[in-house]
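S.K.: Please take these sequences and the hints and turn them into a complete structure.
Residue numbers (the working numbering), protein chains in the order written: chain A, 1 to 342; chain B, 1001 to 1073; chain C, 2001 to 2272.
For the record, the hints were derived by calculation from the structure and aren't laboratory data.
Be aware that a few hints might be false.
To be verified - As a list, the in silico DSS-like pairs of lysine-lysine whose alpha-carbon atoms are at most 27 Å apart:
no. : chain 1 : residue 1 : chain 2 : residue 2
1   : B       : 1071      : A       : 165
2   : B       : 1044      : A       : 165
3   : B       : 1044      : A       : 162
4   : A       : 157       : B       : 1073
5   : B       : 1071      : A       : 157
6   : A       : 19        : C       : 2016
7   : A       : 12        : C       : 2016
8   : C       : 2246      : C       : 2216
9   : A       : 157       : B       : 1072
10  : A       : 12        : C       : 2019
11  : B       : 1072      : A       : 165
12  : C       : 2056      : C       : 2099
13  : C       : 2019      : A       : 240
14  : C       : 2101      : C       : 2246
15  : A       : 14        : C       : 2019
16  : A       : 162       : B       : 1073
17  : A       : 165       : B       : 1068
18  : B       : 1073      : A       : 310
19  : A       : 310       : B       : 1072
20  : B       : 1071      : A       : 310
21  : A       : 162       : B       : 1071
22  : A       : 157       : B       : 1068
23  : C       : 2224      : C       : 2179
What the hints assert, rightly or not - Now the stretches of chain C that chain A is said to cover, found in silico as 3 or more residues with beta-carbon under 8 Å:
no. : region
24  : 2014–2024
25  : 2086–2096
26  : 2179–2187
All C-beta atoms, glycine included, are put in the ideal place defined by N, C-alpha and C.
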Amino acid sequence: MSVSYRSILWNKQKIRYDKGLVLFILIFLVAFFGIHLVFHSNVTIETIIIRAFGLLSLVLLHVILTIGPLTRINPRFLIVLYNRRHLGVTMFLMALIHGAFSMMNFHGLGDINPIRSIFLSNLQYQSVAHFPFQVLGFFALLILGLMAVTSHDFWLKNLGYKTWKALHMMVYIAYGLVILHVVMGVIQNETSIVLFAVILTAFFGIAMLHLLVAVRETTTDQQSKLNAEWVLVGAPEEIKESRAKIVAVSGERVAIFLYQGMLSAVNNVCRHQGGPLGEGKIIDGCITCPWHGYQYLPGNGQSPPPFTEKVETYDLKLENGQVWVNAQPHPEGTAVEPLKIS
Amino acid sequence: MDRALVVWLTDSFLLSLGIYLLLGTAFSIYFVFAGANRLDPGVKDAPWHFRLIIWPGSVLLWVTLLTKLLKKK
Amino acid sequence: MEENDFYIGWQDQAGKTSKRRLLDFFLVSILLALLFLLLFSWVEGPFQKSTFEYGKLTEFSGEVIDYPVFAIKTSHKGEDRTIPLVGFGKFSANPVLRKLKERTGGKLSGFEIRLRGTLIYAHGQVWMELTEGEESVIAVAPKSTVDTLVLETSGSTIKLTGEIVDPKCFFGVMNPAVKKVHKSCAIRCISGGIPPILAIRDRDGEFQDFYFIRNKAGQYINDKILQYVGIPVSLNGEVEQVDGLKVIKIDPPSNQMVYRPLLDQGIAKCGT
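M.R.: See the structure below:
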């Protein structure tokens, strides 16, 4: 994007989404506080705050991690993905409240600096059962914080897509740390095995979802492994109007779009956040990314002005009723004559 | 674990982190008001709260941003 | 897919199907979240009753002792009690004790002291935080009658199994104040001079018996036992009772304390 930045680009749908998020948090917190004030009235308010915000951020993190794979399985969930960054930042803030309260409560007003105390109170680093689990939470919070502060598009553009994506893939490291933090912390504290079972189920649920998507995508990639100059796409009838078919071409995915009796091929990876262009649609003559609505002209892979994003384009040919794509990409934004099919 | 080793590791880590963030804070003041404009023309007409939004990130990622700014010269 | 299924982020209005999916997602996730919340609330605990009268100061008059713990012998709610004293935050009240001794010339018996602080109580015990530090001592006056301490010593070594806790949190400032989640806090408190206590559960799992931990010479060994806090431990030592307050005198080396083997075997089964 090369227009002026805004803090948040609000629209009605986004506001509705955020209202839902606020409602989610309110329902959760009210329920948690209510249940504890009635059934666990002996617990101090600090404990309730620490546990409420800890559990809330744990739940939100699971929600966030479900969205990605869910949209790949069923594109109808794409609307949940959009604005996911607000979910992420909110989750970090909830975790920050949990962390800050825990630090003040357990480490504050003591004989050493509270941050040092997180590392230096419990020294059983060699033990599994006695491990200082708060250290794990500290590092998880650090990673989530780094992700939260770089969630604006400004960072995506100025860090570069690869760096940004690598930074945000660290959510899986943070997730691992959070799971260990919870298992070695509160779950070990409570004698019931039920909580351990629940957290294990959640962890395997998330892992299975990701694995399922990974397997599906590998299958797509295997459809045409040939390193030949031309790769078979298939019959043009396979592609629906204004939609695309994705094929793997020498390690890259290419999206072949059909529109107004013409075919154009572009690289499948959106330059915004790496969204799958081939799962998008042509709207007002532009390929529109399903993730955040970034647009490209099918004929040259360029975003319409004033935007500046560009993707690679590919040559197409028709032989015996079958469409073939050239394995050699043109540089980003190169105009290619669309393939006319009668 | 040896207490002295853990103390040394912790203090080294926290001291480095502290120095890094202190330098980052100093850099971020320059960055949000001037550096960002040079790095990305899109910042120029952005509202003040946009600068607030990019501020914490510029504290944390100041080395990367400084490198990018120097390369731009 | 239908035409209106495809939603792009910058669109003001999403199609009906997309909106429906968003609502479904919202409903399913809030439902699962609430289920998890209910399950968590159901299995956590139980939490015993404890009180910290935060913001409310109470005054007591009586004689002050410094062994086995800095405490005031007074009456509370019509009952004679020895109320141990701790400092603000995660600190002991030792600075107040030192200052008090300066005023009385090193002696504690034979003086009627008036103190003000915040009450902490649970498990049938009453403690007090000297919230205002040295300002907590309101009056020091000589006393005509002198109390004598009743000391009982068993003389033989016995083994006690329980959890080392910091009494300030344990008797009411925090709840829960035992086991792993509270471990680092208890370490901080004991490191700050708050006298460690071995808390022992009865058959029903309720904490009933409490022992101050000292070395054989009767001195504090807070810094030697920090890593044994918040986990089930067994202590071998001589037990004595001073005016109803129990003390276990142990040798500080670590081999005196044995991790209960059940600890290292199961993750979810810490403590009993």
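S.K.: Would you check the hint for residue 2056 of chain C and residue 2099 of chain C, treating anything up to 27 Å between C-alpha atoms as holding?
M.R.: At roughly 24 Å apart (the allowed maximum being 27 Å), residue 2099 of chain C and residue 2056 of chain C satisfy the hint.
S.K.: Examine the region 2179–2187 of chain C: at least three residues should have C-beta closer than 8 Å to a C-beta of chain A.
M.R.: Contact hint for the region 2179–2187 of chain C vs chain A: holds, 8 residues under 8 Å.
S.K.: Please work out if residue 1072 of chain B and residue 165 of chain A have their alpha carbons no farther apart than 27 Å.
M.R.: 22 Å, holds
S.K.: Tell me if the straight-line CA distance from residue 1044 of chain B to residue 165 of chain A falls inside 27 Å.
M.R.: Holds, at about 25 Å.
S.K.: Given the hinted pair residue 1073 of chain B and residue 310 of chain A, is their alpha-carbon gap at most 27 Å?
M.R.: 25 Å, holds
S.K.: Holds or violated: the region 2086–2096 of chain C covered by chain A, criterion of 3 or more residues with Cβ-Cβ distance under 8 Å?
M.R.: holds (count 4)
S.K.: Next pair to validate is residue 14 of chain A with residue 2019 of chain C; report whether the Cα-Cα distance is within 27 Å.
M.R.: 12 Å, holds
S.K.: Given the proposed pairing of residue 310 of chain A with residue 1072 of chain B, does the C-alpha separation stay at or below 27 Å?
M.R.: Status holds; Cα separation ~21 Å.
S.K.: Residue 2224 of chain C and residue 2179 of chain C were given as a pair; does the straight-line alpha-carbon distance stay at or below 27 Å?
M.R.: Roughly 19 Å separates the two Cα atoms, so the pair holds.
S.K.: Below or equal to 27 Å on CA atoms is what counts here, so check residue 165 of chain A against residue 1068 of chain B.
M.R.: Given that 27 Å is the threshold and the Cα spacing comes to 18 Å, the pair holds.
S.K.: With a cut-off of 27 Å on the C-alpha distance, tell me whether residue 162 of chain A and residue 1073 of chain B pass.
M.R.: Holds: residue 162 of chain A and residue 1073 of chain B sit about 23 Å apart, inside 27 Å.
S.K.: The region 2014–2024 of chain C covered by chain A? Criterion: 3 or more residues, Cβ-Cβ distance below 8 Å.
M.R.: Three-residue rule met by the region 2014–2024 of chain C, so holds; n is 6.
In this structure, none of the earlier numbered hints is contradicted; all agree with it.
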